[in-house]
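Assemble the whole structure, with the sequences as input and the hints as a guide.
If you read the protein sequences in the order shown, they are chains G and W.
Numbering-wise (my numbering), the first sequence opens with residue 1 and increments by one.
Numbering-wise (my numbering), the second sequence opens with residue 1 and increments by one.
FYI, nobody ran anything at the bench for these hints, they're computed from the structure.
Incorrect hints may have been included.
Claimed, not checked - Cut-off 25 angstroms, straight-line C-alpha distance, at most; resulting in silico cross-link-like pairs (BS3-like, lysine-lysine):
no.	chain 1	residue 1	chain 2	residue 2
1	G	K22	W	K95
2	W	K95	G	K38
3	W	K125	W	K178
4	G	K208	G	K187
5	G	K208	G	K188
6	W	K125	G	K59
7	W	K157	G	K22
8	W	K157	W	K95
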Amino acid sequence: MSAHEQFAENLALLAMGSLEGKERQELETHLRECAACKRELESLRGDMALLSLSTTGPKPPGRSRERLMAAVSREPRRAVAPKRSRSWWMLTPSLVAAGLVLVAMFLGRQNSALREQIAGMQSEAARDQVELRRAHEIVSTLTASDAMRVTLVAAKTPPQPQGRAIYVRDRSDLIFIASNMPAAPAKKAYELWLIPTSGAPIPAGVFKPDAHGSATVVNPPLPAGVEAKAFAITIEPEAGSTTPTMPIVMLGAGE
Amino acid sequence: MSPAEARTGMSDAALVSAIRAGNEAAMAELYDRYSAVVYSVSLRVLGDTGAAEDVLQEVFLQLWRNPDLFDSSRGNLAPWLAVIARNRAIDGLRKRRPESDVEDVLLSVEPDMAGEADRAIAMTKVRTLLGGMPSAQRSALEMAYFEGLSHSEISAKTGEPLGTVKTRIRAGLLTLRKAFQA
Numbered sequence: 001m002s003a004h005e006q007f008a009e010n011l012a013l014l015a016m017g018s019l020e021g022k023e024r025q026e027l028e029t030h031l032r033e034c035a036a037c038k039r040e041l042e043s044l045r046g047d048m049a050l051l052s053l054s055t056t057g058p059k060p061p062g063r064s065r066e067r068l069m070a071a072v073s074r075e076p077r078r079a080v081a082p083k084r085s086r087s088w089w090m091l092t093p094s095l096v097a098a099g100l101v102l103v104a105m106f107l108g109r110q111n112s113a114l115r116e117q118i119a120g121m122q123s124e125a126a127r128d129q130v131e132l133r134r135a136h137e138i139v140s141t142l143t144a145s146d147a148m149r150v151t152l153v154a155a156k157t158p159p160q161p162q163g164r165a166i167y168v169r170d171r172s173d174l175i176f177i178a179s180n181m182p183a184a185p186a187k188k189a190y191e192l193w194l195i196p197t198s199g200a201p202i203p204a205g206v207f208k209p210d211a212h213g214s215a216t217v218v219n220p221p222l223p224a225g226v227e228a229k230a231f232a233i234t235i236e237p238e239a240g241s242t243t244p245t246m247p248i249v250m251l252g253a254g255e
Numbered sequence: 001m002s003p004a005e006a007r008t009g010m011s012d013a014a015l016v017s018a019i020r021a022g023n024e025a026a027m028a029e030l031y032d033r034y035s036a037v038v039y040s041v042s043l044r045v046l047g048d049t050g051a052a053e054d055v056l057q058e059v060f061l062q063l064w065r066n067p068d069l070f071d072s073s074r075g076n077l078a079p080w081l082a083v084i085a086r087n088r089a090i091d092g093l094r095k096r097r098p099e100s101d102v103e104d105v106l107l108s109v110e111p112d113m114a115g116e117a118d119r120a121i122a123m124t125k126v127r128t129l130l131g132g133m134p135s136a137q138r139s140a141l142e143m144a145y146f147e148g149l150s151h152s153e154i155s156a157k158t159g160e161p162l163g164t165v166k167t168r169i170r171a172g173l174l175t176l177r178k179a180f181q182a
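Here it is in structure tokens:
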């Protein structure tokens, strides 16, 4: 023990708060100069803490907590830390930090919004892909050269040339499938016409049937949004015509 | 990390800082951690639940008013509060004005008593040590600590010489310290 032996017992009494009079004054004077005795005093208080803790057991009633917290709420908060006057430039780092936090929050939101948008686009694209594949399958089935094309008619009726046009006005999409078509005359071809509700017939593709008499026309170039009244087929030069050459060999009106 | 810290994730020092900023929830948390420590020792000294509650209130309110009284660099609050509470209770018992300013109370203690478990272990050990002390030494120590009697009062009560009483008090405290240093 490095504390001064002559003060050792009085240090314990001082820690306990029971040293009085001259002895106390003497010791307190000594303590101002003696770090070792000061440390010993602190250790003695630590020993006292152990004694205090040995009593631990009883818990205070619940009302004590309420009482304390009520008192705490009533107490005006005294600024404990010394207040320094702060110039605006001292605030700058905090403002910059606050600004950065806001920017980070904004960017975070933007980021998540973009993520959502991308996710939306991805699922849309995936849907489109599925539809496209389906459409492609349909079209390739319809137009496959090795497809077996069977036209069913009433029994005992000789096979008749037939054409079926499927037209979607809003998209200007047109699929035409023909069967049992006689071969076109030499240097001639069939031409499909869209007959609008008003105005002249519009060329809708030139085709030649294959050996089985089948032919397809898929999405020929058409003006947008034309209301169709009927579709017709004429025989034209192989390069096609801008106006139909009579007679009309086949004709069908919309249902 | 003590169990208390694990629960709230805040050390005593952090809670004291929060109190400095006027955070009432931090005050409530410290109360929940240490009210039993403060109340138990006050009750032991005063033997009266109402008076012990008053000391409890006073000690925590003092911490709220002036959190800087506690030197956070010296570990956790438990030992400090335990000593402050004892001193306040003795002041109340002896009907004297608070003698020692709490600002004076710096202490250092060996065992880490941050967690309830640490304190429970320390408590059992101290009780065992007290039980193992010669009865004259034990009663001198308890009279001085829990009854706040001076060595002359103890001497008058027991008929033992002043010097012997002084020696016993100090020796009793050192017995505790040595047991924890071992």
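(request) Hint by hint, work out which the structure violates, then give me just those numbers in ascending order. (result) Those not satisfied come down to hint 2.
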